[in-house]
Amino acid sequence: MSIEQLAETALAMVAPGKGIIAIDESNATCKKRFDGVGIECTEETRRAYRELLLTTPKLGEHISGAILFDETIRQSTKDGVPFTKVMMDNGIIPGIKVDKGTFPLAGFPGEVVTEGLDGLRARLEEYYKLGARFAKWRAVINISDETPSGTCIDANTHALARYAALCQEQGLVPMVEPEVIMDGSHDLDTCYDVTEVTLRSLFASLHEHNVMLEGTILKASMVISGTTCAEQAGVEEVAAATLHCLKATVPATLPGVVFLSGGQSDTAATAHLNAMNQMGPKPWPLSFSYGRAMQQAALKLWAQDMVGNYAAAQQTVYERARDNGLAALGEWKAA
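One point on numbering: in my numbering, the residue at position 197 of the sequence shown is 197, and numbering is uninterrupted.
No lab work stands behind these hints, which were simulated from the structure alone. A hint or two may mislead.
Using C-beta positions, here's what the derived DEER-type ranges look like [unchecked claim]:
#: 1; residue 1: Asp193; residue 2: Pro16; range: 30 to 36 Å
#: 2; residue 1: Gly38; residue 2: Ala230; range: 34 to 40 Å
#: 3; residue 1: Ala230; residue 2: Arg74; range: 44 to 50 Å
30 Å max Cα-Cα, derived DSSO-like pairs, lysine-lysine [unchecked claim]:
#: 4; residue 1: Lys85; residue 2: Lys300
#: 5; residue 1: Lys300; residue 2: Lys58
#: 6; residue 1: Lys333; residue 2: Lys58
Every residue, glycine too, gets a C-beta built ideally from N, C-alpha and C.
Using the sequences and the hints given, assemble the complete structure.
Following this line, the structure appears as C-alpha coordinates:
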(Lines of atoms letter the chains of each structure in order from A and count residues from 1; the text may use other names and numbers.)
(Lines give C-alpha, C1' and ligand atoms only; values in the text may rest on other atoms or scores of the structure.)
Protein backbone atom coordinates (compact mmCIF):
# COMPACT_ATOMS: atom_id res chain seq x y z
CA MET A 1 0.00 0.00 0.00
CA SER A 2 1.30 3.46 -0.88
CA ILE A 3 1.78 6.29 1.59
CA GLU A 4 -1.10 8.04 -0.20
CA GLN A 5 -3.43 5.15 0.60
CA LEU A 6 -2.22 4.98 4.22
CA ALA A 7 -2.75 8.72 4.54
CA GLU A 8 -6.24 8.41 3.08
CA THR A 9 -7.15 5.72 5.62
CA ALA A 10 -5.68 7.76 8.49
CA LEU A 11 -7.66 10.84 7.50
CA ALA A 12 -10.85 8.77 7.26
CA MET A 13 -10.25 7.56 10.83
CA VAL A 14 -10.41 11.15 12.10
CA ALA A 15 -13.13 12.44 9.77
CA PRO A 16 -15.05 15.41 11.21
CA GLY A 17 -17.45 14.36 13.97
CA LYS A 18 -16.30 10.74 13.97
CA GLY A 19 -14.10 8.61 16.23
CA ILE A 20 -13.05 5.06 17.03
CA ILE A 21 -14.78 2.53 19.26
CA ALA A 22 -12.36 0.22 21.07
CA ILE A 23 -13.72 -3.31 21.48
CA ASP A 24 -10.31 -4.97 21.68
CA GLU A 25 -10.46 -6.28 25.25
CA SER A 26 -8.59 -9.53 25.81
CA ASN A 27 -10.68 -12.49 26.94
CA ALA A 28 -9.37 -11.99 30.49
CA THR A 29 -10.38 -8.31 30.53
CA CYS A 30 -13.72 -9.15 28.96
CA LYS A 31 -14.32 -11.70 31.71
CA LYS A 32 -13.78 -9.03 34.39
CA ARG A 33 -16.32 -6.76 32.74
CA PHE A 34 -18.83 -9.57 32.24
CA ASP A 35 -18.34 -10.80 35.81
CA GLY A 36 -19.12 -7.27 37.00
CA VAL A 37 -22.59 -7.41 35.43
CA GLY A 38 -23.31 -11.11 35.96
CA ILE A 39 -22.74 -12.47 32.43
CA GLU A 40 -20.94 -15.76 31.88
CA CYS A 41 -17.89 -15.08 29.70
CA THR A 42 -17.84 -17.60 26.85
CA GLU A 43 -16.83 -17.33 23.22
CA GLU A 44 -20.51 -17.11 22.29
CA THR A 45 -21.43 -14.39 24.81
CA ARG A 46 -18.41 -12.36 23.71
CA ARG A 47 -19.44 -12.80 20.07
CA ALA A 48 -23.06 -11.86 20.81
CA TYR A 49 -22.02 -8.74 22.73
CA ARG A 50 -19.70 -7.57 19.98
CA GLU A 51 -22.44 -8.20 17.43
CA LEU A 52 -24.68 -5.92 19.50
CA LEU A 53 -22.05 -3.18 19.34
CA LEU A 54 -21.09 -3.52 15.68
CA THR A 55 -24.67 -3.80 14.36
CA THR A 56 -25.93 -0.75 16.26
CA PRO A 57 -28.17 1.14 13.80
CA LYS A 58 -26.61 4.33 12.37
CA LEU A 59 -23.33 3.67 14.21
CA GLY A 60 -21.35 4.75 11.14
CA GLU A 61 -22.74 8.29 11.48
CA HIS A 62 -20.32 8.93 14.34
CA ILE A 63 -17.89 5.98 14.33
CA SER A 64 -15.18 5.80 11.67
CA GLY A 65 -13.45 2.64 12.86
CA ALA A 66 -13.42 -0.10 15.49
CA ILE A 67 -10.45 -1.81 17.12
CA LEU A 68 -11.04 -5.56 17.33
CA PHE A 69 -9.39 -8.41 19.24
CA ASP A 70 -7.88 -11.45 17.50
CA GLU A 71 -10.96 -13.53 18.33
CA THR A 72 -13.39 -10.86 17.13
CA ILE A 73 -11.88 -10.19 13.70
CA ARG A 74 -12.50 -13.88 12.89
CA GLN A 75 -16.12 -13.89 14.08
CA SER A 76 -19.45 -13.36 12.31
CA THR A 77 -22.99 -12.33 13.17
CA LYS A 78 -25.51 -15.00 14.16
CA ASP A 79 -26.58 -14.97 10.49
CA GLY A 80 -23.04 -15.78 9.35
CA VAL A 81 -21.93 -12.36 8.07
CA PRO A 82 -18.28 -11.64 8.98
CA PHE A 83 -17.96 -8.71 11.38
CA THR A 84 -15.47 -7.06 9.04
CA LYS A 85 -18.07 -7.09 6.23
CA VAL A 86 -20.73 -5.65 8.52
CA MET A 87 -18.33 -2.86 9.42
CA MET A 88 -17.20 -2.04 5.89
CA ASP A 89 -20.79 -2.07 4.63
CA ASN A 90 -21.53 0.64 7.20
CA GLY A 91 -18.46 2.75 6.49
CA ILE A 92 -16.57 1.59 9.60
CA ILE A 93 -12.89 0.74 9.13
CA PRO A 94 -11.76 -2.52 10.77
CA GLY A 95 -8.77 -2.25 13.10
CA ILE A 96 -6.91 -4.82 15.21
CA LYS A 97 -5.03 -4.83 18.50
CA VAL A 98 -1.68 -6.57 17.90
CA ASP A 99 0.37 -6.19 21.09
CA LYS A 100 0.66 -9.08 23.55
CA GLY A 101 0.23 -6.99 26.70
CA THR A 102 2.63 -5.67 29.32
CA PHE A 103 5.35 -7.55 31.19
CA PRO A 104 7.74 -6.45 33.97
CA LEU A 105 10.71 -4.47 32.66
CA ALA A 106 13.75 -6.40 33.89
CA GLY A 107 15.88 -4.34 36.26
CA PHE A 108 13.20 -1.70 36.82
CA PRO A 109 10.74 -2.67 39.58
CA GLY A 110 7.24 -1.27 39.11
CA GLU A 111 7.71 -0.62 35.40
CA VAL A 112 6.45 -2.56 32.40
CA VAL A 113 7.20 -2.95 28.72
CA THR A 114 4.79 -4.11 26.02
CA GLU A 115 5.71 -7.27 24.14
CA GLY A 116 4.54 -8.77 20.86
CA LEU A 117 7.12 -7.91 18.21
CA ASP A 118 8.13 -11.53 17.63
CA GLY A 119 6.21 -12.86 14.63
CA LEU A 120 4.40 -9.56 14.18
CA ARG A 121 5.13 -9.22 10.45
CA ALA A 122 3.31 -12.49 9.69
CA ARG A 123 0.39 -11.62 12.00
CA LEU A 124 -0.05 -8.22 10.34
CA GLU A 125 -0.06 -9.86 6.91
CA GLU A 126 -2.84 -12.21 8.05
CA TYR A 127 -4.86 -9.41 9.66
CA TYR A 128 -4.70 -7.40 6.43
CA LYS A 129 -6.13 -10.39 4.54
CA LEU A 130 -8.89 -10.65 7.17
CA GLY A 131 -9.88 -7.04 6.45
CA ALA A 132 -7.99 -4.90 8.97
CA ARG A 133 -6.76 -1.56 7.68
CA PHE A 134 -5.27 -0.19 10.88
CA ALA A 135 -3.69 -1.64 14.02
CA LYS A 136 -3.11 -0.60 17.62
CA TRP A 137 -0.25 -1.11 20.10
CA ARG A 138 -0.50 0.14 23.69
CA ALA A 139 2.43 1.08 25.90
CA VAL A 140 1.94 1.74 29.62
CA ILE A 141 3.75 4.45 31.58
CA ASN A 142 3.17 4.47 35.35
CA ILE A 143 3.74 7.50 37.55
CA SER A 144 5.01 7.17 41.14
CA ASP A 145 7.74 8.72 43.27
CA GLU A 146 10.28 6.45 41.53
CA THR A 147 8.74 6.08 38.06
CA PRO A 148 8.84 6.41 35.15
CA SER A 149 12.51 5.99 34.31
CA GLY A 150 13.94 7.20 31.04
CA THR A 151 14.80 3.60 30.25
CA CYS A 152 11.16 2.53 30.56
CA ILE A 153 9.92 5.37 28.35
CA ASP A 154 12.55 4.73 25.68
CA ALA A 155 12.03 0.94 25.70
CA ASN A 156 8.31 1.40 25.13
CA THR A 157 8.57 4.09 22.47
CA HIS A 158 11.23 2.05 20.64
CA ALA A 159 8.80 -0.90 20.53
CA LEU A 160 6.01 1.40 19.32
CA ALA A 161 8.22 2.63 16.49
CA ARG A 162 9.23 -0.90 15.41
CA TYR A 163 5.58 -1.94 15.44
CA ALA A 164 4.57 1.15 13.44
CA ALA A 165 7.19 0.51 10.75
CA LEU A 166 6.02 -3.10 10.39
CA CYS A 167 2.39 -1.95 10.10
CA GLN A 168 3.14 0.44 7.27
CA GLU A 169 5.20 -2.22 5.50
CA GLN A 170 2.06 -4.43 5.49
CA GLY A 171 -0.34 -1.66 4.45
CA LEU A 172 -1.89 -0.93 7.85
CA VAL A 173 -2.12 2.46 9.54
CA PRO A 174 -0.40 2.21 12.93
CA MET A 175 -2.21 3.67 15.91
CA VAL A 176 0.47 4.37 18.52
CA GLU A 177 -0.79 4.50 22.11
CA PRO A 178 1.63 5.59 24.85
CA GLU A 179 -0.76 5.65 27.82
CA VAL A 180 0.31 7.62 30.88
CA ILE A 181 -1.73 5.92 33.60
CA MET A 182 -4.13 7.96 35.76
CA ASP A 183 -3.65 5.81 38.87
CA GLY A 184 -1.66 7.59 41.58
CA SER A 185 -1.50 10.72 43.70
CA HIS A 186 0.43 12.82 41.16
CA ASP A 187 -0.84 16.26 40.23
CA LEU A 188 -1.61 17.78 36.83
CA ASP A 189 1.87 19.27 36.41
CA THR A 190 3.55 15.90 36.99
CA CYS A 191 1.28 14.25 34.45
CA TYR A 192 2.13 17.01 31.99
CA ASP A 193 5.87 16.53 32.45
CA VAL A 194 5.70 12.74 32.02
CA THR A 195 3.40 13.01 29.00
CA GLU A 196 5.66 15.57 27.34
CA VAL A 197 8.80 13.46 27.80
CA THR A 198 6.97 10.36 26.56
CA LEU A 199 5.65 12.03 23.42
CA ARG A 200 9.05 13.56 22.61
CA SER A 201 10.64 10.12 22.91
CA LEU A 202 7.88 8.57 20.79
CA PHE A 203 8.22 10.94 17.85
CA ALA A 204 12.02 10.73 17.96
CA SER A 205 11.74 6.92 17.74
CA LEU A 206 9.20 7.09 14.92
CA HIS A 207 11.58 9.37 13.00
CA GLU A 208 14.53 7.02 13.58
CA HIS A 209 12.52 4.08 12.20
CA ASN A 210 11.40 5.95 9.06
CA VAL A 211 7.74 5.81 10.06
CA MET A 212 5.68 8.06 7.78
CA LEU A 213 3.66 10.31 10.06
CA GLU A 214 1.15 11.06 7.30
CA GLY A 215 -0.02 7.46 7.68
CA THR A 216 0.02 7.27 11.50
CA ILE A 217 -2.53 8.07 14.21
CA LEU A 218 -1.66 8.97 17.82
CA LYS A 219 -3.89 7.54 20.55
CA ALA A 220 -3.08 9.75 23.52
CA SER A 221 -3.95 9.92 27.19
CA MET A 222 -5.09 13.28 28.52
CA VAL A 223 -3.04 15.38 30.90
CA ILE A 224 -5.06 14.82 34.05
CA SER A 225 -4.70 14.69 37.83
CA GLY A 226 -3.91 11.30 39.37
CA THR A 227 -6.96 9.44 40.68
CA THR A 228 -5.98 9.95 44.34
CA CYS A 229 -4.56 13.47 43.99
CA ALA A 230 -6.10 15.76 46.63
CA GLU A 231 -6.60 18.54 44.09
CA GLN A 232 -8.42 17.46 40.94
CA ALA A 233 -7.98 19.72 37.91
CA GLY A 234 -11.18 20.97 36.32
CA VAL A 235 -12.39 20.40 32.77
CA GLU A 236 -10.86 23.59 31.35
CA GLU A 237 -7.53 22.96 33.10
CA VAL A 238 -7.30 19.42 31.74
CA ALA A 239 -8.22 20.56 28.25
CA ALA A 240 -5.74 23.45 28.23
CA ALA A 241 -2.87 21.39 29.64
CA THR A 242 -3.48 18.51 27.23
CA LEU A 243 -3.69 20.80 24.22
CA HIS A 244 -0.53 22.70 25.24
CA CYS A 245 1.37 19.44 25.68
CA LEU A 246 0.29 18.16 22.26
CA LYS A 247 1.20 21.40 20.52
CA ALA A 248 4.66 21.23 22.14
CA THR A 249 5.37 17.67 21.02
CA VAL A 250 3.21 16.41 18.14
CA PRO A 251 4.25 17.28 14.55
CA ALA A 252 1.63 19.05 12.44
CA THR A 253 2.03 16.42 9.69
CA LEU A 254 0.20 13.85 11.82
CA PRO A 255 -3.33 13.31 10.42
CA GLY A 256 -4.99 13.30 13.83
CA VAL A 257 -5.05 12.50 17.53
CA VAL A 258 -7.62 10.29 19.22
CA PHE A 259 -7.90 10.11 23.01
CA LEU A 260 -8.38 7.13 25.26
CA SER A 261 -10.79 7.52 28.15
CA GLY A 262 -8.32 5.91 30.55
CA GLY A 263 -10.68 5.27 33.43
CA GLN A 264 -12.49 8.61 33.28
CA SER A 265 -16.26 8.63 33.65
CA ASP A 266 -18.30 8.67 30.45
CA THR A 267 -19.26 12.30 30.92
CA ALA A 268 -15.78 13.50 31.91
CA ALA A 269 -14.18 11.92 28.83
CA THR A 270 -16.73 13.65 26.60
CA ALA A 271 -16.48 17.00 28.41
CA HIS A 272 -12.67 17.10 28.20
CA LEU A 273 -12.69 16.33 24.47
CA ASN A 274 -15.38 18.93 23.85
CA ALA A 275 -13.47 21.62 25.77
CA MET A 276 -10.29 20.99 23.77
CA ASN A 277 -12.17 21.34 20.50
CA GLN A 278 -13.58 24.68 21.63
CA MET A 279 -10.09 26.11 22.23
CA GLY A 280 -9.40 27.55 18.81
CA PRO A 281 -7.51 26.20 15.80
CA LYS A 282 -5.28 23.13 16.08
CA PRO A 283 -2.81 21.53 13.65
CA TRP A 284 -4.73 18.23 13.66
CA PRO A 285 -8.24 16.92 14.41
CA LEU A 286 -8.83 15.80 18.01
CA SER A 287 -11.24 12.88 18.35
CA PHE A 288 -11.84 9.81 20.51
CA SER A 289 -11.00 6.12 20.73
CA TYR A 290 -13.02 5.11 23.76
CA GLY A 291 -13.67 1.64 25.14
CA ARG A 292 -15.42 1.57 28.52
CA ALA A 293 -16.70 5.12 28.04
CA MET A 294 -18.56 3.91 24.95
CA GLN A 295 -19.70 0.50 26.18
CA GLN A 296 -20.29 0.29 29.91
CA ALA A 297 -23.81 1.69 30.09
CA ALA A 298 -24.93 -0.56 27.21
CA LEU A 299 -23.33 -3.64 28.77
CA LYS A 300 -25.23 -3.10 32.02
CA LEU A 301 -28.53 -2.77 30.15
CA TRP A 302 -27.91 -5.85 28.01
CA ALA A 303 -26.92 -7.91 31.05
CA GLN A 304 -30.31 -7.27 32.68
CA ASP A 305 -32.24 -8.75 29.72
CA MET A 306 -30.27 -9.87 26.68
CA VAL A 307 -33.36 -10.05 24.47
CA GLY A 308 -35.70 -7.46 25.92
CA ASN A 309 -33.04 -4.77 26.34
CA TYR A 310 -31.20 -5.39 23.06
CA ALA A 311 -32.57 -2.37 21.22
CA ALA A 312 -32.22 -0.12 24.27
CA ALA A 313 -28.57 -1.18 24.70
CA GLN A 314 -27.86 -0.39 21.04
CA GLN A 315 -29.57 2.99 21.42
CA THR A 316 -27.25 3.71 24.35
CA VAL A 317 -24.21 2.86 22.20
CA TYR A 318 -25.51 5.17 19.48
CA GLU A 319 -26.08 8.01 21.96
CA ARG A 320 -22.56 7.68 23.35
CA ALA A 321 -21.16 7.73 19.80
CA ARG A 322 -23.28 10.78 18.94
CA ASP A 323 -22.24 12.68 22.06
CA ASN A 324 -18.55 12.01 21.47
CA GLY A 325 -18.93 12.83 17.79
CA LEU A 326 -20.35 16.20 18.80
CA ALA A 327 -17.48 16.65 21.29
CA ALA A 328 -15.01 16.01 18.46
CA LEU A 329 -16.56 19.09 16.81
CA GLY A 330 -16.70 21.10 20.03
CA GLU A 331 -20.50 21.10 19.81
CA TRP A 332 -21.50 18.84 22.70
CA LYS A 333 -23.77 20.23 25.42
CA ALA A 334 -24.15 18.49 28.76
CA ALA A 335 -27.67 17.30 29.50
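Against the structure, the hints:
Between Asp193 and Pro16, the C-beta spacing of about 32 Å keeps the proposed range 30 to 36 Å intact. Range check, Gly38 to Ala230: about 35 Å between beta-carbon atoms, so the 34 to 40 Å window is met. A beta carbon spacing of about 47 Å between Ala230 and Arg74 agrees with the range 44 to 50 Å that was offered as a hint. Between Lys85 and Lys300 the alpha-carbon distance is near 27 Å, which keeps this suggested pair within the 30 Å criterion.
As the CA atoms of Lys300 and Lys58 are separated by approximately 21 Å, the hinted pair is consistent with the 30 Å bound. Our distance criterion of 30 Å between C-alpha atoms is met by Lys333 and Lys58, whose separation comes to about 21 Å.
Every hint from the earlier list agrees with this structure, and none is contradicted.
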